[in-house]
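Novice: If you're matching them up, the sequences are chains A and B in order.
Numbering of the first sequence is given in our numbering, commencing with residue 1 and proceeding in unit increments.
Numbering of the second sequence is given in our numbering, commencing with residue 1 and proceeding in unit increments.
Simulated from the structure, these hints should not be mistaken for lab results.
Source: prediction; values computed, not measured.
For each residue, glycine too, the CB sits at the ideal point set by N, CA and C.
Each hint should be verified, as a subset may be incorrect.
What the simulated footprint calls covered on chain B by chain A, stretch by stretch (three residues with Cβ under 8 Å from a Cβ of chain A suffice, anywhere in the stretch; the number is not a length) [said to hold, decoys possible]:
1. 16–22
2. 79–88
3. 183–197
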Amino acid sequence: MIVELTVNGEPVTARVNHPGSLLDLLRDDLGLPGSKSACEQGECGSCSVILDGALVCSCLVLAADAHGSAVTTVEGISEPGALHPVQEAMHRAGAVQCGFCTPGIVVAAADLFAVNPHPTATEIKEALAGNICRCTGYGAIVRALEGAEIVADR
Amino acid sequence: MSTRTGRKVGTPQGVVGTSPLRPDGIPKLQGRFEYAQDLAAEGMLWAATVRSPHARARIASIDIAPALAIGGVHACLTADDVPGRATFGLEHPDQPVLAAQEARFWGEPVAVVAAEDLDTARRAAAAIEVGYEPLEALTDPEEANRRDEVFRRMRIRRGDQSVRGAVVVEGEYEVGMQDQAPLGTEAGLAVPDGQGGVDLYATSQYVHVDQEQVVASLGLRPDQVRSHPTGIGGAFGAREDVNLHIHLCMLALHTGRPVKMVYRRSESFTGHVHRHPAWLRYRHEADRDGRLVRVEASVVLDGGAYASTTSAVLANACYFAVGPYTCDSVAVDGVGVRTNNPPCGAMRGFGAVQVCFGYESQMDRLAHALEMDPLTLREINALETGHPLATTGQVIQTPLPTVEVIKSLQAMPLPEAGPSDLPTELPGGSGLTSEPQHVTRGVGYALGIKNLGFSEGSDDYAQARVRITDSGAVVETAAIEVGQGLVTVLAQIARSALGISHVEVAHVDTSKIDSAGSTSASRQTQVSGGATLEAAQRLRERILGQFDGDVLDDEGVWRGDTLVTPWTALAAGDWEETVTFRHPPTTMTDDNGQGVAHADFAVAGHRAVVDVDVELGLVKVLRVDTAQDVGLALNPQSVRGQIEGGILQGVGLAVMEELVMGEGVILNPTFTDYLLPTILDAPEVEALLIEQEGSWGPYGAKGVGEPPTISSTAAVAAAIRAASGREIERVPVRPQDIALP
Numbered sequence: 001m002i003v004e005l006t007v008n009g010e011p012v013t014a015r016v017n018h019p020g021s022l023l024d025l026l027r028d029d030l031g032l033p034g035s036k037s038a039c040e041q042g043e044c045g046s047c048s049v050i051l052d053g054a055l056v057c058s059c060l061v062l063a064a065d066a067h068g069s070a071v072t073t074v075e076g077i078s079e080p081g082a083l084h085p086v087q088e089a090m091h092r093a094g095a096v097q098c099g100f101c102t103p104g105i106v107v108a109a110a111d112l113f114a115v116n117p118h119p120t121a122t123e124i125k126e127a128l129a130g131n132i133c134r135c136t137g138y139g140a141i142v143r144a145l146e147g148a149e150i151v152a153d154r
Numbered sequence: 001m002s003t004r005t006g007r008k009v010g011t012p013q014g015v016v017g018t019s020p021l022r023p024d025g026i027p028k029l030q031g032r033f034e035y036a037q038d039l040a041a042e043g044m045l046w047a048a049t050v051r052s053p054h055a056r057a058r059i060a061s062i063d064i065a066p067a068l069a070i071g072g073v074h075a076c077l078t079a080d081d082v083p084g085r086a087t088f089g090l091e092h093p094d095q096p097v098l099a100a101q102e103a104r105f106w107g108e109p110v111a112v113v114a115a116e117d118l119d120t121a122r123r124a125a126a127a128i129e130v131g132y133e134p135l136e137a138l139t140d141p142e143e144a145n146r147r148d149e150v151f152r153r154m155r156i157r158r159g160d161q162s163v164r165g166a167v168v169v170e171g172e173y174e175v176g177m178q179d180q181a182p183l184g185t186e187a188g189l190a191v192p193d194g195q196g197g198v199d200l201y202a203t204s205q206y207v208h209v210d211q212e213q214v215v216a217s218l219g220l221r222p223d224q225v226r227s228h229p230t231g232i233g234g235a236f237g238a239r240e241d242v243n244l245h246i247h248l249c250m251l252a253l254h255t256g257r258p259v260k261m262v263y264r265r266s267e268s269f270t271g272h273v274h275r276h277p278a279w280l281r282y283r284h285e286a287d288r289d290g291r292l293v294r295v296e297a298s299v300v301l302d303g304g305a306y307a308s309t310t311s312a313v314l315a316n317a318c319y320f321a322v323g324p325y326t327c328d329s330v331a332v333d334g335v336g337v338r339t340n341n342p343p344c345g346a347m348r349g350f351g352a353v354q355v356c357f358g359y360e361s362q363m364d365r366l367a368h369a370l371e372m373d374p375l376t377l378r379e380i381n382a383l384e385t386g387h388p389l390a391t392t393g394q395v396i397q398t399p400l401p402t403v404e405v406i407k408s409l410q411a412m413p414l415p416e417a418g419p420s421d422l423p424t425e426l427p428g429g430s431g432l433t434s435e436p437q438h439v440t441r442g443v444g445y446a447l448g449i450k451n452l453g454f455s456e457g458s459d460d461y462a463q464a465r466v467r468i469t470d471s472g473a474v475v476e477t478a479a480i481e482v483g484q485g486l487v488t489v490l491a492q493i494a495r496s497a498l499g500i501s502h503v504e505v506a507h508v509d510t511s512k513i514d515s516a517g518s519t520s521a522s523r524q525t526q527v528s529g530g531a532t533l534e535a536a537q538r539l540r541e542r543i544l545g546q547f548d549g550d551v552l553d554d555e556g557v558w559r560g561d562t563l564v565t566p567w568t569a570l571a572a573g574d575w576e577e578t579v580t581f582r583h584p585p586t587t588m589t590d591d592n593g594q595g596v597a598h599a600d601f602a603v604a605g606h607r608a609v610v611d612v613d614v615e616l617g618l619v620k621v622l623r624v625d626t627a628q629d630v631g632l633a634l635n636p637q638s639v640r641g642q643i644e645g646g647i648l649q650g651v652g653l654a655v656m657e658e659l660v661m662g663e664g665v666i667l668n669p670t671f672t673d674y675l676l677p678t679i680l681d682a683p684e685v686e687a688l689l690i691e692q693e694g695s696w697g698p699y700g701a702k703g704v705g706e707p708p709t710i711s712s713t714a715a716v717a718a719a720i721r722a723a724s725g726r727e728i729e730r731v732p733v734r735p736q737d738i739a740l741p
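Same shape as in the complex, but just chain B:
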């Protein structure tokens, strides 16, 4: 063993609390980063999907002969060709891999084809003759509720149900159907392994659950299917559910050739689940001092044709139906209905977004009725650590700085009185649509709360492996990097815990490591981060114990001033540690919705400043400032990126983003007609990160991805209400809602 003395004392580079540059940044900037869309393999075929043009129809016949007659077509598969389980589903396997007797939503896959090239595949898909007999589509959620077509009902009763308050406000609110609209559409490549198994490289937020569903529907052994993380152009919830995954594997095994499929944008709009549209009824009762004494809420979510995650989204909507406020008498009734509308499921905020628009609109109404400042009302009722959640009664154990969020928003300076005379800053933009004298300014506030991690007794875990390499260490994980920066933050955690500067993250396939769970519920930094931290800590302790050292750094193991084991010697050993991390357990709630349903919570608040041309119904969102509970910001630059991006998605839901439905048909499945915020629509954002120790996340970190999206929508709606004097009972707010109420 070589030894030398004189350790250079220093902090390793790129640890937690700093903002090291993304390892995938330069490849992405140069166009060299490989996305699922860019994958190719020798001898690859292209696939295309046949989709139902009806919201509901009986499938009387499918004739694939005309497609097979086209040169270069290798396979046309229908429901009859599904070798294993005929259905799939993230929580309940109720969705046919390919529709058999009946198509239940517009765009539902009916058949898939594989051909030598994409054009041939699409021609073949068009040539398949499907005999549809259109049936009456159930598209009205109220009617579905009456017919008891439901995925789940929720009933929450907490406290004395007879309590009444001196001041009562009631309201009905509606939230339109939002789309995640990730820039990269669904895409993937399946490669047969020549021994009956298959390797899948496809857009995903959760490769292990994809793999399980492929295994079931292909009737294979688990070891025959490997699902590989691949480059993804955004997710936001759209990639939790299977879409092309089983189809690709079926086609690859049927043809014996690698098969690739990429959805077009219009297909993508039908190929993934959406944010549930919601109908909310609220009754808030308070005493004259503004204390909430009773909240009643009714929540209706349209789950569409298949279950996806409707049960969990509904639960979240109901559990957070009162918001970050205390109240000891609560009644919430919720239902997620089954219709022939497009399936809805996960999108950033997962049920907490919809109800936030409802309860925050109510809090403003209550403040108005009480002639009270809206933030003061919120502060009086603020839910903090040690308080029971108004709905489930779960006592909040981790830090919840609701009052600090409110005080931070109060302290933020307002912009100069407007409007600006710059045309680009006026409602309607540079088209010189609005005149400054017709523009009024409004300021609105909203707070939101959401759980972090999976809920209701899910066994929520993540496995990570930390391995010593020649250059430092590698973190192996199946957790998916969707753009949020997990690839950076896991390395930071391992650097901090090991005390070294060189750590890389390797996203490995399902055969190499156990599940990391989904990249959703704001959970990976806490859960996969927790696994990484524990693995790195254990590895460091074992190494130091083995060599009787006291410090590990980039040079190796030190005992006092002496390098007792240089890195080359460490790297020659077989040093690795694998950890499965679980967060504090949760339970399913009882018949009254009571219980410890959640592992952690985060609170955030937003203040929106808007200019509105009331006559034209046009809105310019100038600023959305925020204070957010982050635990500890492991990577402040990434946290700010999540906040700014999340806020803009909230702004989108507030003023422009909606999938417009006509009898179950999406009328605007294109980027021309589904409006996404551009750089000119983006408000200025001042973000205050509130850091407090005490969460179980690594170094006290909390997930940060969803809170920015939850209350930003409600804050913008409140600001529009303040500027226009309109009630604003639905989002997105359309010009006619302002100009022609």
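Isolated chain A, as found in the complex:
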């Protein structure tokens, strides 16, 4: 079937021949590899995107169900050529190691900051409870985002 949707502000059309997920559509058909596939079951958050304003695991959304939707991926989380304050803060705090979970955490954290510009550590942890990071132990991620409001206020 033909799937029409808006991805990172751009209208796109894709012919979906597979019973695949929105994640497959983004990565394989639309050339947006930033969203990562790590668990295929919505457990790790590596594929997090914002779908019509809601944070979702794109591996759990059927591609066909995204027809008519607006999707924001990590590639569209910031203005072109700029970093989102969350990205800036994570970079400075050393919150990136292997980086495979990082796009999903950026999207989830950006979603948090959109509704709560000054989250507490507990709120940050609750918001990222669906994102598994195997490298950092999460300490630098929490430190980064606790300080991110400073960057956002600038």
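Keeping the supplied structure of chain A fixed, place chain B upon it in accordance with the hints.
Specialist: Showing chain B alone in chain A's frame:
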């Protein structure tokens, strides 16, 4: 030669001891960093693997015709199609590239296919008809030991074996099978070069050893196979062994097309080796003052179906079976058995993790029997520089600040008495599972020790090249960046040694440079870092000698106040230096396990604070604080990242991470069922870095990747023991171990 005067004196940016931002940080944050999963090539096919559904079965027949009949299928390869050596292996090539007459573990590859797209490849894999005749699987390690199905036995005897102590404690301990669970699964792309050779871009910790194994099994000349470092989503030991590498190259050469394969998560759980499950028996004897006079240990590791690194993991487990303590009468017997369980091999800590849970549980038991403070007991027995390692007798030559680690832990303030009334901070989390009045707090300590670098006489070396470029310099290496920050630290070392600010790291393929060895054993900062330092130092000396200069900086070569060679002139020359660095030699131990088996050591200690709901068997790990011997922290932010990440993997092994086996079958090969610590499970961490000069690493640096994982598990177990009063003789600690002992 242009000259000018007036040198601006300043320190170059991003040198050792600072924490420059990662060069790959922004691409990773923007989703632009290219991982093996993201690779593509024109005309690329997709591959899939057929795996044994039995822990052990005779393969009576394989019919590939139904798969080949599917449109878009280009190749179905079996054991008969392996052109060269039929087996592979990191240390002993005993594992079939594709199972031939017999499949020996659940998930063992039997055939591989390549097709126009992934769905077709998977359909083709499912269409291959394999005639299995299930055989009785050997899954009990004790039985395997009885049948002498072993990869290696270890026997260590040191000192007078008749010594007995006034106080004796004995214990039996068990460690479950942990998985590295790197976020990126195994993935790769093989591209035929059109002349019979192949370029491989695949997840790896050690591209040169992959290349050697591909060469052997494809029957090619070494120069026909180039293995390229590529973006990797974590490793932790899971990427030392070959998995899809030979398969991809076979398919690429068979089809003449680029071929890509990405393991699904469930495949990844069978596609790489795991941390060995362990069964430990200990007897510690001490005098009334708490001095260890005799330690006896028995170590059984289940190596699974194929050798992988079981021999080396077993050796490590036995060499570190006493921990960072002195003792002059030691007997350790170890065995790594062969079963039909999944192959086990390298995971962060490499044998030192399992025994640490055993010996630290014993030290707590001994402290209890002696009515002594557990840290005081450890201090009395602390192994330090100049002492012989209790097992091998090797005298520790490099700094080993065990006492300072203990004193640092002692000095760390404890958190406020608990429990918290915040639901998220209670055992069971925000589900309001535990009531604060049912929660008890426990504090536990553990120390751990491990070697740094390869052991037992391995020729452990790394080559690095430093080359002057228009903008500064580049460090070329085949060492793998797995996320730990090697890409940052090698540049820092070269900046410090050259005296310039602009250095990049280029990860080059196996044809461009000699091996850097594996990104494992906490070794790359010391070994590839050592090569980088020496190459940069030599290059600087040659440049200064050539131009009779006394200072090299970002502007060029200076003689006194005069710029005698500007950078543009340097860059026009052909300035490069290649160095192969070797650490101090080690030897294989003798029949009693005695010898200089290790090049360097690191010690760390952890203090865990937990809240436990004993009735429900639930644990909340509140804090894991640490003091770690780091030599010199070349990049303090990266060191802290290794410490926090390593601790959380240790916490995972302590309370949740276990591959559950049922007759050789992994029952939980998904992230739904194999529990990984989330951000809500992560304890607060205070890390004290203990710096001492004297290690042979660059600027005295020691590897820092593994020590955080070694004793954190044992510290959490000790804290649970303190809170619950239970014996806690196995990790991970399950709710039933606390609530229904």
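Novice: Confirm or reject each hint.
Specialist: Against the structure, the hints come out as follows:
{"no.": "1", "hint": "16–22", "result": "holds (count 3)"}
{"no.": "2", "hint": "79–88", "result": "violated (count 0)"}
{"no.": "3", "hint": "183–197", "result": "holds (count 3)"}
Going down the numbered hints, you'll see the structure goes against just number 2.
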